[in-house]
Every structure is written in C-alpha cells, then in structure tokens.
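Visitor: Chains as they are written, first to last, in this note's numbering: chain A, 1 to 131; chain B, 1 to 386.
Don't take every hint at face value.
Under the rule of at most 35 Å between Cα atoms (straight-line distance), these lysine-lysine pairs were calculated in the DSBU-like manner [as the list claims (entries may be wrong)]:
{"no.": "1", "chain 1": "A", "residue 1": "80", "chain 2": "A", "residue 2": "56"}
{"no.": "2", "chain 1": "B", "residue 1": "185", "chain 2": "A", "residue 2": "47"}
{"no.": "3", "chain 1": "B", "residue 1": "370", "chain 2": "A", "residue 2": "56"}
{"no.": "4", "chain 1": "B", "residue 1": "140", "chain 2": "A", "residue 2": "99"}
{"no.": "5", "chain 1": "A", "residue 1": "56", "chain 2": "A", "residue 2": "88"}
Hints were generated in silico from the structure; no laboratory data involved.
Here is what each chain is made of, one letter per residue.
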Amino acid sequence: MSELPADRRYTSDHEWARGSGPEVTVGITAFAVEQLGDITLVNLDVKAGDSIEVGKPFGTIESVKTLSDLFAPLSGKIVKVNADLGTKPELVNEDCYGKAWMIVVAAAQPASIDALMDAKAYGEYLKTAAH
Amino acid sequence: MRPPLDSPSPRVYPAAAMNDAPLRRTSLYAEHVALGGRIVAFAGWELPIQYTGIVDEHTAVRTAAGMFDVSHMGELRLRGEYSEHVVDYLVTNDARKLVDGQAMYTCVCNERGTILDDVIVYRRTEDDWLIVCNSSNREKISAHFAHAAKDHCDFEDQSDETALLAVQGPRAMDVLARLGDDGAKLGELKPFHFRDAVLGGVASTAARTGYTGEDGVEIFCAWDDAPALWRALLEAGRPLGLKPAGLGARDTLRLEARLSLYGNDIDETTNPIEAGLGWVVKVEKGDFIGRAALMEIKARPLPRKLVGLEVTGRGVARHGYPLRDVDGTEVGVCTSGSPAPTVGKNIGLGYLPSAMTEVGTRLLVDCRGKNIEAVVAKTPFYKRAK
C-alpha cells in the first residue's frame, strides 16, 4: 500500500476529501482503486450547483470486475466536476490523489471535514477493517 | 466507494452467501499468494481473482499465454462395461461418437430439458470415462451420475484428488514444448483430444480444450503434484510471456468467446436450445434424460433466445440487469456483462424475445435505474485467427 497523503481526510468508504476553506476536493483512495482494478468508466451524476448529502451517491465507477457507488464524504453544493474523467477513466488508476479528483464541494458546514479520519486513522482503519 | 450490497458480480462471490461451509483451498493456494494473487471466495473456494490485473492477464492470454488454476472443478470417473451407456444416457451430446482419447462439450439436462450443468466428457476407453463438471454443481452432478451408475458401472468422484491447470494462449503449446518430449508431442493433439504426458516430472493428462477462445490445454494431475507442475510451467513459460491469470480474466476471456457460464447464462431455468447450445443436443442419438422435453422445445418457435449485447451508451451491462425495448418495457435480462479488453467494447449476453434477437436490434439496458442504449451483437465477440 502506498503512502497516504497527510494533507487530506478519509472516509470508511475509501473517499478522500481535501481542503482547508469551504471548498473541498473529493476523490477515491488508492485502496479503493486497488480493489476495483482496471477502471473503465467514471460516471459523475452531478453538475455545478447541485446539492449533495453526506453518505449519498454522487456517481458510479465501473471497473472490468465490478461497479461501485461514489459516496459524498460531506454535504454541500457542487462547485465543479472533473470532466476529464468522462473520457479518461484511466486517470483514476494512474493518479487517484491528483489528476483523478472527482468533485469540488462547497461544504454546507466548513467543520464537517474535521469529522473524517486523518491519514493515520485511515491507515489504522485499513489494517483492521479492510483485510 | 463501497461495493454495492447487491453485488453485480455474482460470478465472483456466488457461494459466499449460499452456505456457511468453510472455504476450501486448492493445492496451489500458497503459489497464488506468493505471486501476489488477490484471493476471493468463489463457489466455495478461495481462488485468485487477479495477480497483476484483469486486463493485463487477459491480454497475456490473447497475445502470449496465461495459466489458470481450475482445480476447483469436479472430476467424476465412470468405469465398467456399461459406463458408456450410463454417460450417454445422462448427456445431450452423442458420447457414442467419441473415440479413445477424445472429449466433447455437452449439457446435462433434467427431464424438463433444462440444464443441470454443462460438462466435458472424456473417453479414455470404451469402458473408462471422465466427466469434468462445474465446481458449483459438483455435489448435484456427482449424485446424479452416482445414481445413474448404481448397479450398472463403477462410479468415483475424484474431485478431491485431482488438480486441473489450464495453459491458454497462442504460445501455450510452445510453453508445453519447453517441458520436454511429452510436452512437445502435445502440439500434435487435435482440439478436444487428450493424452497422458509426463510434464515437469509430473504424471499428467493433457487435453486440447479451454475456456478462453484461445488454443491451449487443460492438464489434470494428482492434487499434491500440482505445485510442481505449476512451477515448471511458470518457469518454462515466463520467457514466452506466460503469466498466471485469475478468475477475473477467465471471465472476460470466456465472455468475449461467448462461452456460457453456468449460474449466469445457463441454469435449471434455461434450456440448451434457447441458450444457443442446440449443437450439443442430439435428439436423434437415442434416449437420454431430457430428450422428450427437448424434442418438444425444438418443435415449437422459441419464445426467447440468449444473444450477444453491445452497450453503445455510457454503461456496463452486468448480470441481472433488466433489458428493455426502446419504449422502456422490460423484455428480458442480462446474464453476463463486462468491459471486453480485446474487443474494446462493453459487451454482454442476455435473454430476449425471439422477435428482438436479430443483430443490430436496438434495446436498453437498465443499469440500476438508468436506461443505457445497447444493440444485439454478433457472437462470438472475439474469434482467434486460425
């Protein structure tokens, strides 16, 4: 397992969320990518201005093996979505913590990101829950 | 991301929910782990779904060679004077046409003409037969054959003592040739023929069969000999591009070649005729279980057929997704589906009303509430160059 970036927070569903102000960028973790395998399709079912709710799906991701939902790590309004993923789903395999960001959310409650796990806690979670 | 509870890949996790029996391991389990295989529960077994990645392994099989552990499959042996009669009575294809050292694909049906299993029947001699059945059906098919054999011939379920490896791909026979004279001679085997061979020091039986749409062999050996054979093949094959391949690639490869998967495309609610397996139903051969029902089915127009699907919209058809006509009315069901690495499309199989089965017919796949456009496609999706 690669190093977990310390500049962001994590969910038990293997999404990451990064941001210190009201705008939070969201993607999925290397663990999620490894579980999915070769990713062939990313469908982000939201557009700028849409409201999303914590724990509710904002899209789906398809790999050769299976389909998974993408869950919002916090509630808020969509600021932008990564349109590149529509045509280049392989970005998720290549750079899940960078170029394959999925959405930017204006958090309804700026403090909500603090409720998520930090890198150390998520690392522990992977050790205990995921295997 | 969280795999949905109604996992769309029952082929990957089918048995986990079926019973609480402990998962079994093949004699190659340690090899899989050492090679970095990701182990999943499959039909009651712990087997690797992938090592390096499904697409990578799939591509290795299409362009060089791949090796699969399929030791979970069931092996049933019928021996004795009447064994040929017993076997022929239980299968839809004509076992009496086989010669020594020849094998055939066939369905095993019930009296209703629906499919109990799809198997390969091997004739060693007139009075020595081997049946290889699906692991998920082993108990059912073992009991079915044991019952029919009672008072007629010897029956032995050899599944626990028999390992099975598949070496598949355009370089497969070259890999075997690197294991010495016996391996080289396997290149002379015609499709669906088999012979005994000593490979890497292991007494084996190799058959020119497979489940990938490529050339290759499936090799039987004693359960505990499999690691030695596996390592010998890996060592001989690595310079030729041979890679270990898991259940994931096995599924994408077989789907591109339109080979049926029991439990997905065929089961006890489907018959061989509608499943496109009419070519293994020989009603003229004489009596067999399911014959009367299958004659009835053949005499009438088929209400539905299993056809190939190509998803043209943004989506992947998966097992169990409803199929709709262009007006949105549910008309059938997808039985298998995935991205197809060699074909480069999202493909699938599904049952549709016969009126909708012409290639090019437009339809919709209900991908969890979203209707995605698809068309009926020609199968097999992939056919190797001869």
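Visitor: Run through the hints listed earlier and report the numbers of any the structure violates, in increasing order.
Guide: Failing hints, ascending: 2 and 4.
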